[in-house]
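Please build the complete structure, drawing on both the sequences and the hints.
Protein chains in written order, with this note's numbering: chain A, 1 to 166; chain B, 167 to 302.
Keep in mind that the hints are not guaranteed to be accurate.
Listed below are the simulated DSSO-like cross-link pairs for lysine-lysine, each with C-alpha atoms no more than 30 Å apart in a straight line [claimed, not checked]:
id, chain 1, residue 1, chain 2, residue 2
1, B, Lys180, A, Lys97
2, A, Lys3, A, Lys95
3, A, Lys3, A, Lys160
4, B, Lys181, A, Lys95
5, B, Lys181, A, Lys160
6, A, Lys35, B, Lys180
7, B, Lys180, A, Lys160
8, A, Lys4, A, Lys160
9, A, Lys53, B, Lys180
10, B, Lys263, A, Lys35
11, A, Lys35, B, Lys181
12, B, Lys181, A, Lys53
13, B, Lys263, B, Lys181
14, B, Lys211, A, Lys97
15, A, Lys35, A, Lys95
16, A, Lys53, A, Lys35
17, B, Lys180, A, Lys95
Simulated restraints on C-beta separations [unchecked claim]:
id, chain 1, residue 1, chain 2, residue 2, range
18, A, Gly9, B, Asn231, 47 to 57 Å
19, A, Leu29, B, Ser259, 20 to 30 Å
20, B, Tyr204, A, Phe68, 38 to 48 Å
21, A, Phe70, B, Lys181, 33 to 43 Å
22, A, Ile5, B, Gly200, 11 to 21 Å
23, B, Arg249, A, Phe70, 25 to 35 Å
24, A, Ile27, B, Ser259, 21 to 31 Å
25, A, Met10, B, Thr232, 49 to 59 Å
Honestly, the hints are just simulated from the structure, not real lab data.
In this text, a Cβ means the ideal position worked out from N, Cα and C, and glycines have one as well.
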Amino acid sequence: MTKKIAYTGMFTALAFVFSYIESLLPINLGIPGIKLGLANLVVIVALYLIGVKAAGILSLVRIVLMGFTFGNPANMIYSLAGGVLSFVVMVFAKKLKFFSVTGVSVLGGVCHNIGQILIAIIVVETVSLLYYLPILILSGTVAGVLIGILASVLIRHLEKALAVSQ
Amino acid sequence: MVKFAPPADGRPMKKNDLILIAALLAVALLAYAGVSLYSKVSTNKAEAVVYQQGKEQGRYRLSENTVVEISLENGDYNILQIREGQAEITEASCPDKTCVRHRPISRQGESLVCLPNQMAVEIENGADSGIDGATD
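Written as structure tokens, this is what we have:
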């Protein structure tokens, strides 16, 4: 139990740092919302090695921390929508045991973007944001594959080191 | 008791993952085809329509160069520039500047959105082609 709490804290800090690093290196392709999602790497590793609850908590805490520090509180609702949808879908995808880590990560990446677009359509009341959907599905898939491959390598190597007894 | 989800028997990808990726790419492609069909409508009479919190604030023809300041009650603003048939945000009070970095827009259905200011600029094809062409 204590170990689990310590790992959750450590992983939260790591996800926070990854978000910060990513905010320093924005990918600007003229279309908003395209990013690698380094923080999701930490969430996925936690999901597999620590547990669903810990991964969910760290994902939420990371978003709130980012919103109040290096990010922008006005945009927190969009990050939250993306983060929550992505996390719920990843948990289900993992439970299904139909996909490997990469498949779970791809679903997470795509759902993150879909969640953000949906909430933006509701808040700004502009349906034409759907215009971004194709490119954001594509970028979510690409980012998901990259993060997924990294995550499966990390999970394999960290598995023994992080053994959490339940 | 130690519990682990076996991470994909050592391999980073399974066949199912590849099927998922292919399916998503197909969906993206289809959605792209849909969007480009929709935006292919002629843009001779195209207008940039400014919305704040979903309410229309103004319409500007893309054929006429102009610079408009869109201000909010709380002092926030976005500056919309129309030049050579394209609309872009050149300045904004929001902290993230996503709308400023966005490429200029000109095709039917394209939009510039400033999430913090809840402001959107959309390209519409003029009064005669609007599906719900409201008059005022």
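Right, here's what the structure says about each hint:
For the hint pairing B:Lys180 with A:Lys97, the CA-to-CA distance comes to about 11 Å; that is within 30 Å, so the pair holds. Restraint check for A:Lys3 and A:Lys95: satisfied, since their Cα atoms lie roughly 24 Å apart, inside the 30 Å limit. At most 30 Å may separate the alpha-carbon atoms for a hinted pair to count; A:Lys3 and A:Lys160 meet this at roughly 14 Å. Restraint check for B:Lys181 and A:Lys95: the C-alpha separation of about 17 Å stays at or below 30 Å, so the hint holds.
Distance restraint check for B:Lys181 and A:Lys160: the Cα-Cα separation of roughly 26 Å lies within the 30 Å cut-off, and the hinted pair is therefore satisfied. The hinted pair formed by A:Lys35 and B:Lys180 meets the criterion: a straight-line CA distance of about 24 Å does not exceed 30 Å. Restraint check for B:Lys180 and A:Lys160: satisfied, since their Cα atoms lie roughly 23 Å apart, inside the 30 Å limit. Proximity of A:Lys4 to A:Lys160 is assessed by CA-CA distance (about 14 Å); at most 30 Å being required, the pair is judged to hold.
Among the hinted pairs, A:Lys53 with B:Lys180 is consistent with the structure: their alpha-carbon atoms are about 26 Å apart, no more than 30 Å. Only pairs whose Cα atoms come within 30 Å are accepted, and B:Lys263 paired with A:Lys35 is accepted, the gap being roughly 16 Å. Straight-line distance between C-alpha atoms of A:Lys35 and B:Lys181 comes to about 26 Å, which keeps the hinted pair within the 30 Å bound. Pair hint B:Lys181 plus A:Lys53 holds up; C-alpha atoms about 29 Å apart against a cutoff of 30 Å.
Annotation: proposed proximity of B:Lys263 to B:Lys181 is violated, straight-line Cα distance about 41 Å (limit 30 Å). For the hint pairing B:Lys211 with A:Lys97, the CA-to-CA distance comes to about 53 Å; that exceeds 30 Å, so the pair is violated. A hinted pair counts as satisfied when its Cα atoms are at most 30 Å apart, and A:Lys35 with A:Lys95 qualifies at roughly 26 Å. Our distance criterion of 30 Å between C-alpha atoms is met by A:Lys53 and A:Lys35, whose separation comes to about 25 Å.
Under the criterion of a C-alpha separation no larger than 30 Å, the hint pairing B:Lys180 with A:Lys95 is consistent with the structure, at around 16 Å. The hinted range of 47 to 57 Å is satisfied by A:Gly9 and B:Asn231, whose Cβ atoms lie roughly 56 Å apart. Judged by the Cβ atoms, the range 20 to 30 Å given for A:Leu29 and B:Ser259 holds: they are separated by roughly 24 Å. The hinted range of 38 to 48 Å is satisfied by B:Tyr204 and A:Phe68, whose Cβ atoms lie roughly 39 Å apart.
Evaluation of the 33 to 43 Å hint for A:Phe70 and B:Lys181 yields a pass: the beta carbon distance comes to about 40 Å. Taken as a hint, the range 11 to 21 Å is violated for the pair A:Ile5 and B:Gly200, whose Cβ atoms sit roughly 48 Å apart. About 34 Å separates the C-beta atoms of B:Arg249 and A:Phe70, a value consistent with the hinted range of 25 to 35 Å. For the pair A:Ile27 and B:Ser259, the beta carbons lie near 24 Å from each other, so the given range of 21 to 31 Å is met.
Our hint of 49 to 59 Å for A:Met10 and B:Thr232 holds, since their Cβ atoms are close to 54 Å apart.
In this structure, the hints that do not hold are numbers 13, 14, 22, in rising order.
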